[in-house]
Amino acid sequence: MKLSQSEENYIKSIYNLQSKTEKVNTNSLAAFLDTSAASITDMLKKLKSKNLLEYKKYYGFRLNGAGNKQALKIIRRHRLWEFFLVSKLDMEWEKVHDIAEELEHVSSAELIEKLDRYLGNPKIDPHGDPIPDEKGVMPVLKQIALKDLPHKRNAVISSVSSQTPQMMEMLNHYGIKIGSPIKVLKSFVFDGSLQVKIAKQPECIISGLAAQNIFVYDT
1 MKLSQSEENY IKSIYNLQSK TEKVNTNSLA AFLDTSAASI TDMLKKLKSK NLLEYKKYYG
61 FRLNGAGNKQ ALKIIRRHRL WEFFLVSKLD MEWEKVHDIA EELEHVSSAE LIEKLDRYLG
121 NPKIDPHGDP IPDEKGVMPV LKQIALKDLP HKRNAVISSV SSQTPQMMEM LNHYGIKIGS
181 PIKVLKSFVF DGSLQVKIAK QPECIISGLA AQNIFVYDT
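Heads up: the sequence shown is residues 1 to 219, going by full-length UniProt numbering.
To be clear, the hints were calculated from the coordinates, so they are not data collected in a lab.
Keep in mind that this is a model prediction, so the values were computed, not measured.
A few of these clues could be false.
[Stated by the list, open to error] Each computed DMTMM-like pair below joins lysine to aspartate or glutamate, with the alpha-carbon atoms no more than 20 Å apart:
#1 LYS23 with GLU54
#2 LYS147 with ASP116
#3 LYS183 with GLU134
#4 LYS152 with GLU203
#5 LYS197 with ASP133
#6 LYS45 with ASP34
#7 LYS48 with ASP90
Required output: the full structure, derived from the provided sequences and hints.
Given below as structure tokens:
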């Protein structure tokens, strides 16, 4: 199925929204994309005409099976390109998202499968997000939020859910990377912040907000 770049962006956005909430409506999608409700309505009509959406009264809309399949293809391309940019071109992990946003619209199936093989069939991208396989199966990561990690237990940083420039700046400042060993030493009820030890770095304080967006494998 041939989709425009705009249609692909909407499909991926709907997928991301519906993974967080059961109800996706025009207003929530408009807020997510920072656009008008009228623009959302027009695009939803286009996607529905291509049989990519389903609508349920009082519950809004969701991608159907075909829509989810398209979304996973886009996500697969995006995360493979991020992996390529970091692992082969030595780009910093906080700089690759916007470039991958452009590259994800290169939809040649042959190119993507060759890219996947060239990279060694990676399972996660540089931010720790799982990469769907060629059949659209998303690996399930057994991880927990850093805020839920028991004190003094050894863990390894597995992914970062917030990838804003501000968040990435903070992670780089503290030397936090995917695969870094980490241990929570103390938590503070006042603001949810944590005192942590990261690899060989000095002990530091991580905010409660950051701790909600950093995920770990409990080792």
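Worksheet item: Taking 20 Å as the top limit, are the C-alpha atoms of LYS152 and GLU203 close enough?
Response: Given that 20 Å is the threshold and the Cα spacing comes to 13 Å, the pair holds.
Worksheet item: Between LYS45 and ASP34, does the CA-CA distance stay at or below 20 Å?
Response: 19 Å, holds
Worksheet item: Is LYS197 within 20 Å of ASP133, Cα to Cα?
Response: With a Cα-Cα distance of about 34 Å, the restraint between LYS197 and ASP133 is violated, given a limit of 20 Å.
Worksheet item: Regarding the pair LYS48 and ASP90, is the alpha-carbon distance no greater than 20 Å?
Response: Violated. LYS48 to ASP90 sits at ~41 Å, over the 20 Å cutoff.
Worksheet entry | Holds or violated: LYS147 to ASP116, with C-alpha atoms at most 20 Å apart | Violated, at about 34 Å.
Worksheet item: Do the alpha carbons of LYS23 and GLU54 lie within 20 Å of each other, as the hint requires?
Response: Roughly 12 Å separates the two Cα atoms, so the pair holds.
Discussion item. For LYS183 and GLU134, compute the direct alpha-carbon distance and say whether it is at most 20 Å.
Written reply: 36 Å, violated
Taken one by one, the earlier hints fail for this structure at numbers 2, 3, 5 and 7, listed in ascending order.
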